[in-house]
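> As a plain string of letters, each chain reads:
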Amino acid sequence: MTRPSDGSDELIKRLINSVRRTGGEAELSLHATRMGTTRFAGSRVTQTGDVEDLTVQARVAVGDRVGSVRVNAVDDATLDRALAQARALAAAMPAGSFAGFDDGSAALPAHAGGWDAETAAVDAAERARLIAPAFAACARAGWTAAGCCAAGETTLAVATSAGAARVHRYTRARFDLIAGDGRIAGRRSRDGRAWSSVAADHDALVDDAVARASRSRDPAPLPPGEYDVILEPHAVAELCEWLAVTAFGARNVEDGSSPLAGRIGEALTGPAVTIYDDALAGEDGAPTAPFDAEGTPRRRVTFLDGGVAREVVHDRASAALAGTRSTGHAPPIGDELFDGGPVPQHLMLAPGDASVDELIARVDRGLYVARFHYVNGLLDTRRALMTGMTRDGLWRIEGGKLAGPVANQRWTESFLEAGRRIGGISRDRALVAGGLSECWFVCPTLLVRGWKFSG
Amino acid sequence: MGLLEDAVARLRRRGATFADARHVRDERETLAVRDGRVERHFAATSEGFGVRVLVASPNGGAWGFGARAGGRQDAAALEAAAEAALATARAAASLASVVPGGARVELAEEEPQRGRFATTVARDFFAVPLADKLALLHGVCDAMRAAAGARARSASAHVGARRQDKLLATSDGTSVEQLLVHAGGGMKIVVAEGSQVAHRTYPMELDGGVAAGGWEVIEALDFPGAAPRIAEEALALLSAPPCPAGETTVILDTPQLALQIHESCGHPTESDRAFGDEVSLAGASFLTPDRLGRFRYGSRHVNLTADATTPGALGSFGWDDEGVPARKTPLVARGQFVGYLTSRETAARLGLPRSGGCLRAEAWNRFPIIRMINVSLEPDPRGPSLEELVADTDDGILMGNNKSWSIDDLRLNFQFGCEIAWEIKKGRRTRIVKNPLYGGTTPRFWSACDAVGGPEAFRMWGLLSCGKGDPMQLMAVGHGCPPARFRGIKVGSE
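Residue numbers (the numbering used here), protein chains in the order written: chain A, 6 to 460; chain B, 28 to 521.
The reader is advised that the hints may include incorrect statements.
To be verified - Simulated pairs of lysine-lysine, BS3-like, Cα-Cα distance not exceeding 30 Å: (1) 461/B to 517/B; (2) 406/A to 457/A; (3) 495/B to 457/A; (4) 452/B to 517/B; (5) 517/B to 457/A; (6) 355/B to 457/A.
These are calculated hints, taken from the structure and not from any lab test.
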């Protein structure tokens, strides 16, 4: 077993040597993780673990036929066996349209770095030290604590017979706290590539979660209708996560289900909305990844530029089909949820120029939304029509000021139509880790006019 | 098995009050074709050890877990997993003194188990030649395209299978081995005309038709037979009117009812959710422990069970991942909430003598948590067929395959969208309507159930991607049901 933290040079050499030994056209792509997690609820630990795993994908091309095999070891014998099996599968495949393996000729783009030694060394005891003050603060306020604390590292490596030899490591950390009693909840969380940024101002984060819970007692009912809403970054990120899988990938355009299909160059939302994928800049602490699972260097891709549809992400196969070049967005190996082709994993919504207080002041009668829950974006993907619930904090806004709590509500709204009703965007953004898969969102707080709630 | 037994014995000597160790070898094959080309194909193998320990703490015990990749004889990987489990458990125990009191960790009794279980397989999926699989998939795509004509935008189909070879040893004497196999597949046609886009799937969206077994599962689905029909229905959706809005009678056909059961019965009866242990991700449950045996969940027609003994179902096995044998547990009896999905820990917390056998992990590298098994709506012994149910309905909507799903964090307020629906007028299916949605709150919805289909209409469905836990785990679960009818349900198209 090679750990993600083992020497990168030794790891990539091993992949290169195996590819060379097999002869012909071949690729080995590795995704290795070490992740420590402590999950808690009712102010006690409910799940905790320290897990190391890796997946290696061996692909071999025989003419224009490709075979693919995945294993979870990197010893020479396993790699050689995987490549041989991939070759046998390739021979059994029908004629295809092999797009070629990355040849490594393109230099990796500059990126913000991503590996932090302190984060990689965080263990269960260190996680417990961050959790303990949260337990104590919640108890003092009469609440219990639920949430999760995690830290770990990931290694990506790709070697191809065409000459690519790339390796990259990054770390990530997360602290998520819900103060409450199972019905009432105040929630704050932080994600980042460095433990130090997640642990910074910890007391303030804990106090805010506790205060939010206290401000959520006795929520009032709300008549269905349209309300101006302030959406915190976590709520915005859920919308972006659905756009990532239903709108911004090449396959969504191929089959016509994306709102961008056949509409490149058209204004789909108002001018305030700019959404892009950037795996390099590390904005707001986002982990970086300078190449994808095929070894292709990533580039920034802008989906909506001032509301205008621009482009979508590609891997090598979709790019060949569309007559363009890969943007470096092949789906991560072994992720069962990302089986829909190329996908953005570092989605960013451009900031505005307002403070959150200024946004609230612009609302005469509306709602302040901390988070959404169980959003589904499959209702009408051409319109980016979604439904979902609120959770973990919903308050009335009256006369430009935050007021009392409101019971959770269902909403159904088209992102495209809502994007034409933007009343302001915050200049500060937050990093939010994806709920389902390894992806990140950097989102501001949004003011949207006339959000549709059905009760 | 000896390696695992030695490991848990060593953990006991080192202070663990309980330990279990698993080795899982997981093999998968997935093949997907789309518009004449192979879109995705891989054969995957993953194996490793997962070790769970319980150590003493001020509230009775603290869990720890460690996982490392390695083959069955890789003693070093097993030892590393055990060390990681102990370290995480001790750190968890250190937190127990921060807030004294709270729920104690105790385990319900279970007899030590020995033996072997294997899914019955008629034809090994993994041994079927790739050429045969490709011929089937390309054939049905061609058939869908031919039926859809010039308006066909995309045709796709997939098959896949998974085989898990699991060894489990626990410190209280259980040593069991299981070979769990499932297979399945599905297909989809997308059609377009102008700005209108529509699609149909068969046998259902999400994972298609999946069940325990081998290639025979796929043969039984008869993809070629269904291809022309779903293409024609997709074309009809292009010009269909939106589902009319209002309150009406709804009949849920089994693919949609399976998901309704999953979201509004399966998840809320998970006892870890009921205790609030899942609140930070999936949420909690309106079925709190004080409501057990005292809460009216639905009408007298509603009988829901959890049963891991059903042959051929996706949520069936010999033992769960802490060695509890497969069992059947009533969840809702004649409309009354009577049971939970439990583990040994939550059964003890509920004061129950035995676990319901629902503790499962997606793979060797995940902490086992409470998961659905086969959560099913029992048929009415004298209930109608789907067509008899339609014939008995004067005015309403028949909902087909699922398209979208959303429910709140207590599993009360839900909204489902379907691919297709048919208006029912005077006992007959009439026109197709598009973008049908229905919604409601769980107890009110199930209380509006006035008819459940009979045993002949019962169908077992499987879902592969039930997401829960942190880190996320995708679990294979089963849901059986006949069609059922619900009165006074809000429907619409947006």
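> When the hints from earlier in the document are held up against this structure, which numbers fail?
6
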